[in-house]
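The primary structure of each chain is shown beneath.
2 protein chains.
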Amino acid sequence: LEGGRAEDVALVMEPLHNSDVGDVLEQLDAAERVALVRSLGDLFDFSALTEVDESIRLEIMQALPNAEIARGVAELDNDDAVYLLEDLEQEDRDEILSALPTFERLALKRSLDFPEDSAGRRMQTEFIAIPPFWTVGQVIDYLRTEKDLPDEFYQLYVVDAAYKVLGTLPLDKFLRSARAIKIDTIMNTNFVLIDAEQDQEEAARSFERYDLVEVGVVDESGRLVGVLTIDDIVDVIQEEAEEDIRFMAGVGDEDVSDTTVDTVRSRVPWLVINLFTAVAVSFVIGLFDATIEQMVALAVLMPIVASMGGNAGAQTMTVTVRALAMRELDGGRLRRLIRREMVVGLANGVIFAILIGIVTGLRYGDVQLGIVIGLAMVINMIVAGTFGILIPLTLDKLKADPAIASAVFVTTITDVVGFFAFLGIAGLWFGLF
Amino acid sequence: LEGGRAEDVALVMEPLHNSDVGDVLEQLDAAERVALVRSLGDLFDFSALTEVDESIRLEIMQALPNAEIARGVAELDNDDAVYLLEDLEQEDRDEILSALPTFERLALKRSLDFPEDSAGRRMQTEFIAIPPFWTVGQVIDYLRTEKDLPDEFYQLYVVDAAYKVLGTLPLDKFLRSARAIKIDTIMNTNFVLIDAEQDQEEAARSFERYDLVEVGVVDESGRLVGVLTIDDIVDVIQEEAEEDIRFMAGVGDEDVSDTTVDTVRSRVPWLVINLFTAVAVSFVIGLFDATIEQMVALAVLMPIVASMGGNAGAQTMTVTVRALAMRELDGGRLRRLIRREMVVGLANGVIFAILIGIVTGLRYGDVQLGIVIGLAMVINMIVAGTFGILIPLTLDKLKADPAIASAVFVTTITDVVGFFAFLGIAGLWFGLF
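Protein chains in written order, with this note's numbering: chain A, 7 to 439; chain B, 7 to 439.
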């Protein structure tokens, strides 16, 4: 591919959707990617860069001269342009911005002034605003003659002179109305708006909840400054669920295409934390080394109690973390969930105490050892249920992301309690202290 | 609320969006829910039931007489009706269907004939199909006079006499065209269609990839039979990521509002599997009981090696499972990922071997013990990286869902290898066999 002539490459790439171009870029090696983009020159549509992993995007953009990026960015929708620029170094960003036409530069600057991950960052600043006193016919004529319209739009915004939203008008409803009808008689006056400072995840909640396709974004003075469309929000929903999965497993903000060094850097902190807790847990075991020395079966059996508690805790924790993320826990539902998880912990404890008690009793021909491990299991399962719900709740109350830190706390507690309960009860029961 | 008069309740509930009605239902107790629905009678909009957890939906629908459900379902869009009916018992479903008007019944039956979780199940059967030879003006007049249009639509479908799709026409593009223009000169001829038999997750991939808002669904003969809209797909995307999180934690298809018994039933199978593997792992430890008896520090330290391997394995596994779910792994990228994870495993192994080696050496004043645990750590980290990627890949090749079963295999392997390597190397090194 790369050995050939640039025109041939352009010919092949031209009809592809930008997602497909993104795919092609991800398949290539680092050097080939930049070569491909450069050989396409003006024909390269920068929107393809919104479809590739962050590390690849940054790598390509760093390899390109800022003037070339400015030319590519100038042709993008405002929201795509912000998406490409927001991760760049301040210096590169300013250089690119200053190379853009005034109008685009100001619009981009305003979007970039909103906090990271806010609705203002994700919004598109092109939208169609119409006055309430126009008729359907006037609006249709306006749409047919006006050249500078957004690429895609699903509703019209009815605004007053200060750009305060008076109503919204979905295209399907608009289309069904006769030319003579006044806009303010058919517009929806019961509409949702989103604050530009609002977090994009909150905005995504509104889309899901009210089945929105497009929503107006207003600044603090209530002025319509942009719109969010569902295609941006689909990415937010995807990313958010993705984030929870990764955080629970202790994987940072990592892509399949990250380099080895970046990957190690993203994973080591979590493993270091885990090393600390594992060493701490081993100190708990160390308290009982004399007990273990007298009865080595305890060392053989103790990981079972800890592992079962860890898994049961992870189950409760996962349900709680996701319910918190989906804002499903308020008053009545929260109390019911806590009550349920306690009972589930007790029930699991009894079920698995009996099972492991029987298995252990048969394996060692020792009923008492079976009773001891059963007791430890009941305790650890109840602890797992209780902390599996309390830890994410507490982190959420403390404004920490429960997905990030819950797992380490829960497993540490179930490990400590598992080993302590089993070795402690065994020591007392068999008089080994 | 429930003590009062039905009209008052209706008055309060009436202006609420169906998501909010769903929320109110979830907040109530089981008995109150049914009482509320019944007291609202005809005023209850059954679409609120699409917004509540499955267990609550089934509970309410089982408590209502089928005739009442039929009346409520008749007023719903086809896709919402299918969503409510698909989980009912065959018998109830047939009774409700037979109480519906013929046209609705046939449309619902056809949707229900498609496989579960297919695009055909999720699609809406109302759409706007127009012939290619109409003009924009004719279409506008048709839309203005025709009463029986879908509630919401974002594009028009240009079809031939056999309902084969010739092109699509987004409303925004349509609106910008003059009345005299012929439809076939402005329609998009480069469009995406979805097969009704296709899995809804595949359909969701197309929406994300091509930033779709609405897409036509065709049957095996290529005839347009319905449309999928983004609001249904947002739910699919949400559910799918949700499923992976839950499956990885061994939580089944479970909601916050499930009963205690259902919750126990959903979680016990996973814990039973974990019990089996934990017992199997303990047999591995049991092989070394004489070794442990001679050097009890081994029992104190061994969970560290297993736990670090388990966490590193979970990291690799999570990245792989998600990459598989997002279809990000093909040829070049897969090879790069495997190579990267091996190197990451080795790097993590070296880093944590040194750390734990130093900690152990200092704690026990025994350099040799530090070397032994370091060696075991390197081995287990490499194993974790290797199996963290190979197990999900193999499950995917075998057409099993990697999210469900990967975790149990990976942790069992890292536990077995962790204990075996550490105790085995220690036994050889210190001559304890």
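Fair warning: there could be bad hints in the mix.
It does not matter which identical chain is meant; a pair holds if it fits inside one copy or across any two.
Once the Cα atoms are required to be at most 30 Å apart in a straight line, the calculated DSS-like pairs of lysine-lysine come out as [said to hold, decoys possible]:
id, residue 1, residue 2
1, Lys179, Lys403
2, Lys405, Lys188
3, Lys115, Lys403
4, Lys115, Lys188
5, Lys179, Lys405
6, Lys153, Lys170
7, Lys405, Lys170
8, Lys153, Lys115
9, Lys405, Lys153
10, Lys403, Lys188
11, Lys170, Lys403
12, Lys153, Lys179
13, Lys153, Lys403
14, Lys153, Lys188
15, Lys170, Lys115
16, Lys188, Lys170
If you're looking for bench data, these hints aren't it; they were derived computationally from the structure.
Here's how the hints hold up against the structure:
1. Lys179 to Lys403: neither (43 Å within a copy, 48 Å between copies)
2. Lys405 to Lys188: Intra 48 Å, inter 57 Å, cutoff 30 Å: neither.
3. Lys115 to Lys403: Answer is neither: 34 Å inside a copy and 48 Å across each miss the 30 Å cutoff.
4. Lys115 to Lys188: neither (36 Å within a copy, 42 Å between copies)
5. Lys179 to Lys405: So Lys179 and Lys405 fail the 30 Å test inside a copy (42 Å) and across (45 Å) alike.
6. Lys153 to Lys170: within (24 Å within a copy, 33 Å between copies)
7. Lys405 to Lys170: neither (33 Å within a copy, 54 Å between copies)
8. Lys153 to Lys115: within (24 Å within a copy, 46 Å between copies)
9. Lys405 to Lys153: The answer is neither: 47 Å in one copy and 51 Å across copies each exceed 30 Å.
10. Lys403 to Lys188: This pair counts as neither: shortest intra-copy Cα distance 49 Å, inter-copy 60 Å.
11. Lys170 to Lys403: Intra 35 Å, inter 55 Å, cutoff 30 Å: neither.
12. Lys153 to Lys179: both (23 Å within a copy, 12 Å between copies)
13. Lys153 to Lys403: For Lys153 and Lys403, the Cα distance exceeds 30 Å both inside one copy (50 Å) and across copies (51 Å).
14. Lys153 to Lys188: both (24 Å within a copy, 20 Å between copies)
15. Lys170 to Lys115: Intra 22 Å, inter 47 Å, cutoff 30 Å: intra-copy only.
16. Lys188 to Lys170: Within. Shortest intra-copy distance 19 Å satisfies the 30 Å Cα cut-off; inter-copy 38 Å does not.
Hints 1, 2, 3, 4, 5, 7, 9, 10, 11 and 13, counting from the list given before, are not met by this structure.
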